[in-house]
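J.: Listed below, chain by chain, are the residues.
Number of protein chains: 4
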Amino acid sequence: MRPAIGERHWIIPDGYIPPTSAGTLTSHESVCVLNVSSEEAKLRFSIYFEDREPLEDIPFVVPPRRTKHIRTSSLNKEGTPIPPGIPYAIEVRSDIPVIVQYSRLDATQAENALMSVVAYPIK
Amino acid sequence: MRPAIGERHWIIPDGYIPPTSAGTLTSHESVCVLNVSSEEAKLRFSIYFEDREPLEDIPFVVPPRRTKHIRTSSLNKEGTPIPPGIPYAIEVRSDIPVIVQYSRLDATQAENALMSVVAYPIK
Amino acid sequence: MRPAIGERHWIIPDGYIPPTSAGTLTSHESVCVLNVSSEEAKLRFSIYFEDREPLEDIPFVVPPRRTKHIRTSSLNKEGTPIPPGIPYAIEVRSDIPVIVQYSRLDATQAENALMSVVAYPIK
Amino acid sequence: MRPAIGERHWIIPDGYIPPTSAGTLTSHESVCVLNVSSEEAKLRFSIYFEDREPLEDIPFVVPPRRTKHIRTSSLNKEGTPIPPGIPYAIEVRSDIPVIVQYSRLDATQAENALMSVVAYPIK
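Chains as they are written, first to last, in this note's numbering: chain A, 1 to 123; chain B, 1 to 123; chain C, 1 to 123; chain D, 1 to 123.
If you're looking for bench data, these hints aren't it; they were derived computationally from the structure. Cβ atoms here follow ideal geometry from the backbone N, Cα and C, with glycine treated the same way. Hints may be right or wrong, so weigh each one.
Below, in silico cross-link-like pairs of lysine to any residue (SDA-like), each with a Cα-Cα straight-line distance of 25 angstroms or less [unchecked claim]:
#1 Lys-123(C) <-> His-28(C)
#2 Lys-123(A) <-> Val-61(A)
#3 Lys-42(C) <-> Lys-42(D)
#4 Lys-42(D) <-> Gly-85(D)
#5 Lys-123(B) <-> His-28(D)
#6 Lys-123(D) <-> His-9(C)
#7 Lys-123(C) <-> Ser-74(A)
#8 Lys-42(B) <-> Pro-54(A)
#9 Lys-42(B) <-> Asp-51(A)
#10 Lys-42(C) <-> Asp-51(A)
Only some residues are given here: those of chain B computed to face chain A with a beta carbon under 10 angstroms [stated by the list, open to error]:
#11 Pro-63
#12 Thr-80
#13 Ile-96
#14 Val-100
#15 Leu-114
With the rest of the complex left out, here is chain A:
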C-alpha cells in the first residue's frame, strides 16, 4: 500500500478558457492532478465567477497511482459547462491528499503562449 501525499484542498484564482484558436494547436486549460496512493481520489471542483453564483461540487475521479490532466472545458455541473472567454476561479477538494498544478495554452494568435502554476494548497 502506498500512502497518499499532498493536500486535500487547492485553489487556482486565475481560470480562463480562451475562446478561439489559431495555428495547429487548440487553446485549452488543464488541471493536472497526481494521486500517488493505492486508493482512488474522489475530487469535487467548484467554479467561482465575477458576476454570478458558483457552480459547485462537480465530481471527478483520479485512479490509484495515476495522474489525470483534466481539461476544464470537459467539466460541467448537470450539463452546464464553464463558459469560454470569461474570468473565473477554481477550487479543488479531494477526499485523500493529491497534488494539483494548473496550465494554460493560449493559441488565440497563430503562435502559442503557455503559463503554469502549482495550485495554492489550503492546509
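Based on these hints, arrange chains B, C and D on the given structure of chain A.
T.: Positioned in the frame of chain A, the structure of chains B, C and D alone reads:
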C-alpha cells in the same frame, strides 16, 4: 455561512505593464483574487517602485463567493495610475483571507506571451 | 562543509514532452535541481501516467555544489524512456535536501512558448 | 518604521541567459526583489553551475521601501559575469527579510516567450 480561506497578505515582486500592444490582444496584467467566503473582502493595494515613493492603500472590494480579475491599469491612487513601462511590485492586504494569483499577457510583439505566479503569502 | 538545504521529496503534476519542434529551438522539458551541499545528492525519479503503471526509481546524481538541468527525454527505466506527446507526472526523491524547478519550452509552432514552476515540496 | 517581511534566503534552480535576441525586445532574466521595510536590504548572490565552481557572494543593495528588478547579466564577481547560454542556478541571501521572484523573457525567436516563478524560500 461559508468561512474565508487563504491569507490576508500577499506579495508580487515582478509587476510591469507592457506599454504597447500588437496583434489582436491587448497587453495587460491581472491580479486574480478569490473570495470563497459569505462576506465581502476589502482589499488595499500598495505599489512599490525602483526610484520613487510607494502608492499606498488603493482600495478594492471582492464580493462574497466571487472572483475578481483586476487589471492593474485600472488601479489608481487619487487619480495617479501605475505608469506603464516601468518595473514595480505589488502588495495586497485584505481584511479577510483570500487567495491571490498574478498573470501577465505581453502582446508587445505580434504574438502573445503569458506568465503567471501564485502571489507569495505572508503568514 | 556546506549543509544541504531544501527538501528531499518534490512533485510536478504537469509533465509533457512536446512531440515536435519547428523554428530554431527544440521542444524540451528540464527538471532543474540545485544541490548547495558539499555532498553528492542521489535522486530517484518516478513517472506516473494516465493509463499505465508508473516507471519507478530512475536514478540520477547531482554532484556537490552543482546544479543539473535534466532533460526528461534523457531519463529511462532500464531502456524505457518517457514517451513524448502524452500527459504524465514526475516525483523526485533525494537522499539529501535539494531544490527542484520544472520548465518547459514548447517549440511545436514556429515561435517558442515557455512555462516554469517550482516543484511542490512534500515536507 | 515599517518592519521587513518575507524571508532572508531564496533559491531559483533554473537560471539561463538566452544568448541571442530577435525582434524588438532583448532576451533577459530579472531577479525581482521587494523590500517593504524602512531599512536597506543587503543582498548576496551565489551562482551555481553544472561543471565549475560557484561564483559566491556577489553584493547588491535594495533601498528602503523599494523594489529592484535586477538583470542577471549585470551581476559579476570581481569582473566575472554569468556566461550566457549555459544552465545555472541562483541563491539569494539578504540581511533582512525580502520577497524574491524570477522572470525570463526569451526573445531568441522573433516573438517573445515569458516565464516566471516566485523563488523558493528557505525558512
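J.: Hint by hint, note whether the structure agrees.
T.: For each hint, the structure was consulted:
{"no.": "1", "hint": "Lys-123(C) <-> His-28(C)", "verdict": "violated (29 angstroms)"}
{"no.": "2", "hint": "Lys-123(A) <-> Val-61(A)", "verdict": "holds (21 angstroms)"}
{"no.": "3", "hint": "Lys-42(C) <-> Lys-42(D)", "verdict": "violated (34 angstroms)"}
{"no.": "4", "hint": "Lys-42(D) <-> Gly-85(D)", "verdict": "violated (28 angstroms)"}
{"no.": "5", "hint": "Lys-123(B) <-> His-28(D)", "verdict": "violated (32 angstroms)"}
{"no.": "6", "hint": "Lys-123(D) <-> His-9(C)", "verdict": "holds (16 angstroms)"}
{"no.": "7", "hint": "Lys-123(C) <-> Ser-74(A)", "verdict": "violated (33 angstroms)"}
{"no.": "8", "hint": "Lys-42(B) <-> Pro-54(A)", "verdict": "holds (20 angstroms)"}
{"no.": "9", "hint": "Lys-42(B) <-> Asp-51(A)", "verdict": "holds (17 angstroms)"}
{"no.": "10", "hint": "Lys-42(C) <-> Asp-51(A)", "verdict": "violated (51 angstroms)"}
{"no.": "11", "hint": "Pro-63", "verdict": "holds (9 angstroms)"}
{"no.": "12", "hint": "Thr-80", "verdict": "violated (26 angstroms)"}
{"no.": "13", "hint": "Ile-96", "verdict": "violated (14 angstroms)"}
{"no.": "14", "hint": "Val-100", "verdict": "holds (6 angstroms)"}
{"no.": "15", "hint": "Leu-114", "verdict": "holds (4 angstroms)"}
In this structure, the hints that do not hold are numbers 1, 3, 4, 5, 7, 10, 12, 13, in rising order.
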